[in-house]
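Peer 1: Residues per chain are reported as follows:
There are 2 protein chains.
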Amino acid sequence: MSVTASASQSGPEAADRRPSFDALRALVADDMAKVNETIIREMHSPVALIPQLAGHIVASGGKRLRPMLTLAAAGLVGYEGSRHIDLAACVEFIHTATLLHDDVVDESNLRRGKDTANAVWGNQASVLVGDFLFSRAFQLMVADGSLKVLKILSDASAVIAEGEVHQLVTTNDIETTEAAYLQVIESKTAVLFAAASQIGAVVAERPESEERALESFGRNLGVAFQLVDDVLDYSAQQEALGKTVGDDFREGKMTLPVILAYAAGDAEERAFWSRVIGDMEQDEGDLAFAQALMAKHGTLAKSLNRARDYAEAAHRDLDLFAPTAHRRAMEEVIDFCVDRAY
Amino acid sequence: MSVTASASQSGPEAADRRPSFDALRALVADDMAKVNETIIREMHSPVALIPQLAGHIVASGGKRLRPMLTLAAAGLVGYEGSRHIDLAACVEFIHTATLLHDDVVDESNLRRGKDTANAVWGNQASVLVGDFLFSRAFQLMVADGSLKVLKILSDASAVIAEGEVHQLVTTNDIETTEAAYLQVIESKTAVLFAAASQIGAVVAERPESEERALESFGRNLGVAFQLVDDVLDYSAQQEALGKTVGDDFREGKMTLPVILAYAAGDAEERAFWSRVIGDMEQDEGDLAFAQALMAKHGTLAKSLNRARDYAEAAHRDLDLFAPTAHRRAMEEVIDFCVDRAY
Numbered sequence: 000m001s002v003t004a005s006a007s008q009s010g011p012e013a014a015d016r017r018p019s020f021d022a023l024r025a026l027v028a029d030d031m032a033k034v035n036e037t038i039i040r041e042m043h044s045p046v047a048l049i050p051q052l053a054g055h056i057v058a059s060g061g062k063r064l065r066p067m068l069t070l071a072a073a074g075l076v077g078y079e080g081s082r083h084i085d086l087a088a089c090v091e092f093i094h095t096a097t098l099l100h101d102d103v104v105d106e107s108n109l110r111r112g113k114d115t116a117n118a119v120w121g122n123q124a125s126v127l128v129g130d131f132l133f134s135r136a137f138q139l140m141v142a143d144g145s146l147k148v149l150k151i152l153s154d155a156s157a158v159i160a161e162g163e164v165h166q167l168v169t170t171n172d173i174e175t176t177e178a179a180y181l182q183v184i185e186s187k188t189a190v191l192f193a194a195a196s197q198i199g200a201v202v203a204e205r206p207e208s209e210e211r212a213l214e215s216f217g218r219n220l221g222v223a224f225q226l227v228d229d230v231l232d233y234s235a236q237q238e239a240l241g242k243t244v245g246d247d248f249r250e251g252k253m254t255l256p257v258i259l260a261y262a263a264g265d266a267e268e269r270a271f272w273s274r275v276i277g278d279m280e281q282d283e284g285d286l287a288f289a290q291a292l293m294a295k296h297g298t299l300a301k302s303l304n305r306a307r308d309y310a311e312a313a314h315r316d317l318d319l320f321a322p323t324a325h326r327r328a329m330e331e332v333i334d335f336c337v338d339r340a341y
Numbered sequence: 000m001s002v003t004a005s006a007s008q009s010g011p012e013a014a015d016r017r018p019s020f021d022a023l024r025a026l027v028a029d030d031m032a033k034v035n036e037t038i039i040r041e042m043h044s045p046v047a048l049i050p051q052l053a054g055h056i057v058a059s060g061g062k063r064l065r066p067m068l069t070l071a072a073a074g075l076v077g078y079e080g081s082r083h084i085d086l087a088a089c090v091e092f093i094h095t096a097t098l099l100h101d102d103v104v105d106e107s108n109l110r111r112g113k114d115t116a117n118a119v120w121g122n123q124a125s126v127l128v129g130d131f132l133f134s135r136a137f138q139l140m141v142a143d144g145s146l147k148v149l150k151i152l153s154d155a156s157a158v159i160a161e162g163e164v165h166q167l168v169t170t171n172d173i174e175t176t177e178a179a180y181l182q183v184i185e186s187k188t189a190v191l192f193a194a195a196s197q198i199g200a201v202v203a204e205r206p207e208s209e210e211r212a213l214e215s216f217g218r219n220l221g222v223a224f225q226l227v228d229d230v231l232d233y234s235a236q237q238e239a240l241g242k243t244v245g246d247d248f249r250e251g252k253m254t255l256p257v258i259l260a261y262a263a264g265d266a267e268e269r270a271f272w273s274r275v276i277g278d279m280e281q282d283e284g285d286l287a288f289a290q291a292l293m294a295k296h297g298t299l300a301k302s303l304n305r306a307r308d309y310a311e312a313a314h315r316d317l318d319l320f321a322p323t324a325h326r327r328a329m330e331e332v333i334d335f336c337v338d339r340a341y
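Those protein sequence lines, which keep their order, are chains A and B. If you're matching positions, the first sequence starts at 0 in numbering that gives the first Met the number 0 and goes up one per residue. If you're matching positions, the second sequence starts at 0 in numbering that gives the first Met the number 0 and goes up one per residue.
One thing to keep in mind: the hints can contain errors.
In silico DSSO-like pairs for lysine-lysine, Cα to Cα no more than 30 Å straight-line [said to hold, decoys possible]: (1) Lys147(A) / Lys242(A); (2) Lys150(B) / Lys147(A); (3) Lys242(A) / Lys252(A); (4) Lys33(B) / Lys62(B); (5) Lys147(B) / Lys147(A); (6) Lys33(A) / Lys242(B); (7) Lys62(B) / Lys147(B); (8) Lys252(B) / Lys242(B); (9) Lys62(B) / Lys295(B); (10) Lys301(B) / Lys150(A); (11) Lys301(A) / Lys252(A); (12) Lys147(A) / Lys33(B); (13) Lys295(A) / Lys242(A); (14) Lys33(B) / Lys147(B); (15) Lys242(B) / Lys150(A); (16) Lys147(B) / Lys33(A); (17) Lys301(A) / Lys62(A); (18) Lys147(A) / Lys62(A); (19) Lys150(A) / Lys147(B); (20) Lys33(A) / Lys62(A).
Calculated from the structure, these hints are not laboratory results.
Using the sequences provided together with the hints, build the complete structure.
Peer 2: And the structure:
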């Protein structure tokens, strides 16, 4: 039941020493303080609403996982300069812009009532401040002056947008395939993890092989991370902990637990999925019934198995690097991303 | 009554030979055909909704004014390469992304019912396809490889977003000053005109003075263009021609005709403006009454005078350049931008 071979002592059964972000957070703490300074400085604008709204989301207690990957990768390859600081802030700005744009409420979809930026300031402000942060990220990259970094992050941004649109068109499409789903999460999530990690090797001017390994590490970690996120959204344990579940269900998103349950279901079950996801006709008790069907077919466990495959691939990607404290901390982050599902 | 000295024969009184885009359009026709090829090629994506939605807005019969400025400026300075083609497409993509994001309907503002992309495909798709086009613009710039161009257009993008947010916070703010309004339109409109024009000199590696002159030309033209746009939105002539007027009024936007009418109004008139713009309590007949107040105080004419000042400054910016066919065509575009108000 251990998550991976290299993390056997920190597997889910070792409840007193579960994998966490703590080691990596400690290793990059000084750098992250500088990243936060850059973030605060660069989200400034004479238009006061911009730092207000951006501050709401930037300061909302996110894990800063993506910029942390840039800092971690730079540390892993022994980078001694300072370019990774501003570029890590770029990565966070792109992520934040994506979050702001993700939370825009559709005209036809005014049901969600979370305390997102758009709920407080409206759709338009969220969109425009997202645009500002996105532009500011490119300004920072231009100031850094590397066309290679600009290529990595503009390519990533285009793929992210493609992935988000792809997700939009698979939403409520009960026939969405597992391949399409994997393509969506690779585009919308994993590509930024990959770019964030790769940049650490780029600023250090490390060999192409290290760049590729870090890019692959980020990509595999990102897919694992998103798979686990999608499982957690149906998790009974999360529910027991008082966390919100069912967001994806209520939005009719086609995530792997649903795709696998639909594929394994009989005619009656498929009719259920078509009604609640395809037609968005959801009644009380439907989420619980969806969870029961997932339990019946073991689709959360199967989805987690898939996540573990990607986590193991991420581990292999790190084999190229010397077994430093940075590498161990990054390995623990891989394990954490999967372990949090238990 | 002529628009500018240098355009006396094409002033509004010469009804048989009014200034138009035609001369410039003809001069850059071959280049523009290539720009359109780039646009079609670069908005492609395996996610079919992206070219569908982007095509809707890209093909919606816009004047392609901004990319035309890049082509015109390149022609003006005698550029003989081909970099201006893709960069003109970048400018159009950034503009299109802005349009898509502009049209996102606010949660609190579901009244507008125009046939915009967001009305057809929803807010989320409009936002995400805008993000895609924006990212694609940066990919094209990276492929071009000029950090200078990247700086010009990332700076412009950040200022545009700032201007859009600034406009948002002045909307319904009846105390908005003329200075704040000019800052908004310079940021949201003129900066992209300026960048588009400047790039023509940058690709041709012309002296700094020509770059600055073209940047200033674009900026002045952009302010004049937006001032006239804002006048047209209250124009009785436009109404007589069957065009929609009152969009800004219905959205509570603080444009110069309103700002000047509020400043010149007595207590009763100010109460009217506070109700219809500040509180957005609009009844039938209010738009007509607003137009009557503008006529009474001559605020459309005053706004047009301001536009003419900027147009004249744009003319002066072109004095630096040899009196070629390109320069004459660009001068006619300046005159057209103001003349269309008559």
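Peer 1: Against this structure, judge whether each hint is valid.
Peer 2: Hints versus structure:
| no. | hint | result |
| --- | --- | --- |
| 1 | Lys147(A) / Lys242(A) | violated, 41 Å |
| 2 | Lys150(B) / Lys147(A) | holds, 15 Å |
| 3 | Lys242(A) / Lys252(A) | holds, 19 Å |
| 4 | Lys33(B) / Lys62(B) | holds, 16 Å |
| 5 | Lys147(B) / Lys147(A) | holds, 15 Å |
| 6 | Lys33(A) / Lys242(B) | violated, 54 Å |
| 7 | Lys62(B) / Lys147(B) | holds, 27 Å |
| 8 | Lys252(B) / Lys242(B) | holds, 19 Å |
| 9 | Lys62(B) / Lys295(B) | violated, 33 Å |
| 10 | Lys301(B) / Lys150(A) | violated, 47 Å |
| 11 | Lys301(A) / Lys252(A) | holds, 18 Å |
| 12 | Lys147(A) / Lys33(B) | holds, 27 Å |
| 13 | Lys295(A) / Lys242(A) | holds, 23 Å |
| 14 | Lys33(B) / Lys147(B) | holds, 23 Å |
| 15 | Lys242(B) / Lys150(A) | violated, 44 Å |
| 16 | Lys147(B) / Lys33(A) | holds, 27 Å |
| 17 | Lys301(A) / Lys62(A) | holds, 27 Å |
| 18 | Lys147(A) / Lys62(A) | holds, 27 Å |
| 19 | Lys150(A) / Lys147(B) | holds, 15 Å |
| 20 | Lys33(A) / Lys62(A) | holds, 16 Å |
Violated hints for the displayed structure, listed by number in ascending order: 1, 6, 9, 10, 15.
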